[in-house]
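Residue numbers (the working numbering), protein chains in the order written: chain Z, 12 to 372; chain B, 136 to 229.
Take every hint as true, because none was put in to throw you off.
Just the calculated beta-carbon pair ranges, DEER-fashion: (1) G185(B) with F361(Z): 22 to 28 Å; (2) G152(B) with G368(Z): 31 to 37 Å; (3) F202(B) with N13(Z): 47 to 53 Å; (4) F361(Z) with N184(B): 17 to 23 Å; (5) D212(B) with V181(Z): 53 to 59 Å; (6) L355(Z) with F202(B): 25 to 31 Å.
Derived by calculation from the structure, the hints in this document are not laboratory data. Cβ atoms here follow ideal geometry from the backbone N, Cα and C, with glycine treated the same way.
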Amino acid sequence: MNVYIPTPFRKLAGNQAYVQAEGRTVREVLEHLAQRYPGLASMVFDQDRRIQAHINVYLNSQEIHSLQGPETPVQDGDEVAVIPALAGGQVLTPEQVMRYSRHIIMPQVGPIGQRKLMAAKVLVVGAGGLGGPAALYLALAGVGTIGIVDFDLVDLSNLQRQVLHQNDDVGRPKTQSARETLLAYNPDVDVQLHEAPLTSDNALDIIPRYDIVINGADNFTTRYLVNDACYFAGKPLVDAAILMFDAQMTVFVPGQGCYRCLFPSPPPPGAVPNCAEAGVLGALTGVIGSLQAIEAMKLILGVGEPLVGRLLLYDALTAEFRVVKVRRDPKCPLCGDDPTITTLIDYEGFCGAPFPGREAS
Amino acid sequence: MTVEVRLTASLQRLAGGQRALQVEARTVGELLERLEALYPGFKSSVLDNGQLQRFVNIFLNDEDIRFLQQLETPLKDGDVVSILPALAGGEGGR
Chain Z
12 MNVYIPTPFR KLAGNQAYVQ AEGRTVREVL EHLAQRYPGL ASMVFDQDRR IQAHINVYLN
72 SQEIHSLQGP ETPVQDGDEV AVIPALAGGQ VLTPEQVMRY SRHIIMPQVG PIGQRKLMAA
132 KVLVVGAGGL GGPAALYLAL AGVGTIGIVD FDLVDLSNLQ RQVLHQNDDV GRPKTQSARE
192 TLLAYNPDVD VQLHEAPLTS DNALDIIPRY DIVINGADNF TTRYLVNDAC YFAGKPLVDA
252 AILMFDAQMT VFVPGQGCYR CLFPSPPPPG AVPNCAEAGV LGALTGVIGS LQAIEAMKLI
312 LGVGEPLVGR LLLYDALTAE FRVVKVRRDP KCPLCGDDPT ITTLIDYEGF CGAPFPGREA
372 S
Chain B
136 MTVEVRLTAS LQRLAGGQRA LQVEARTVGE LLERLEALYP GFKSSVLDNG QLQRFVNIFL
196 NDEDIRFLQQ LETPLKDGDV VSILPALAGG EGGR
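The shape of chain B in the complex, shown without the other chains:
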């Protein structure tokens, strides 16, 4: 299945600066493996021990995959998968 992956802010740096990519995958988990193959190191920013990091959300179209089948969530052609890390914004360092 060809799906579009949308990356937010900090994740773009890990994907060669790309904000949107077309990826072939049958599930969300497989999609992350594909991204790792393209951009080594990507997976570890999103997964921790095979589980989704708790400060990252993945949406299949407009649904949070935690309420679907998590990494087993199946994909169809044309789906949009958004990977969203928590943003805090602002200054922080002083």
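Next comes chain Z alone, as it looks inside the complex:
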């Protein structure tokens, strides 16, 4: 049968992800494996020929301790996976290995990738339509620290799309509701709440504490603030915006383009409607918020091709995904060759609209 060899062990198994081995029980399969690959033997077995404590063995994705241990019988077509629970000096608990097993068995994640997710800190701006599914999938994936910025109370009209909030949460602060939901899914996650509007006064206090920012903001004032603050703090920004049946999403990495390269000035107030005025299909937020979580995880894991330099366009009505190229504008006032914006500015003056949650000035 197939034995899955995780990345750290591959050099010891002829650089293969899967090798063949035989036996009637898990133990026999591992012994056979150890005979064929002696380098692997010392990783898997201790001197008394017992399976080492920090090695988790899976039979078809089930950890063998929940079966009959090493004596678990195996059949043709089964798959055995040998996964070290040790990566970077810390041990995944048996429960974590089980919880994240669907990640750990993928070559692009593995126990080391799972450790990276658990060590990561992601800030989600807005616990609403986009922030909801983004934060949710990060929590399910075991991202260790999730920051949530929101000052608003749950409103009945939010429940059409904001997955972190339920009926009984109407009237409660979104941050509180968000935290409860995330912890109910995964108590392992540290949910940090920032229950205040994000403004020029606090953005550079909050954002540097995180590795990556996901933008779920619902207005231009915050959008430009988050863009500028991420640039100054040197943090990648997974940016997205939706309206009606359309969505846009990209990843800004400081130095490789920013929101201002794409949209140097905001529309005059009233020129572009927001969702309260024009509407949005609820499930669209799920699609895009989930994609934002995926982009953040790709950055954390260092896999695939993040949407840097590419703007994803999704048209829900035609079920079409398109990608257009975006690039750093050398004339960009923030990240161009001769920047004129060197600190956070008065965004309310710039956009002609107050930060939500503050009295119009």
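Here the structure of chain Z is known, so what remains is to put chain B in place on it, guided by the hints.
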């Protein structure tokens, strides 16, 4: 040249609700004139004093026309021109 124009969200309202149109034009600038002729008022939502508004982007296939020849960018049969205003989403009004 016959090109396909794709409009996003708020711009569809200015084009009689249409999301995709076939238009005859030789450059992006001419295309906007054609759209204005079909839908009076369309041009002023996209241009300001003859220049592209800074909260609207126009892509020829997958390239931003600002990095091509802006409004002079030539078009060929089958090209797709996407006109994209900045979206903020969300609630805004409270």
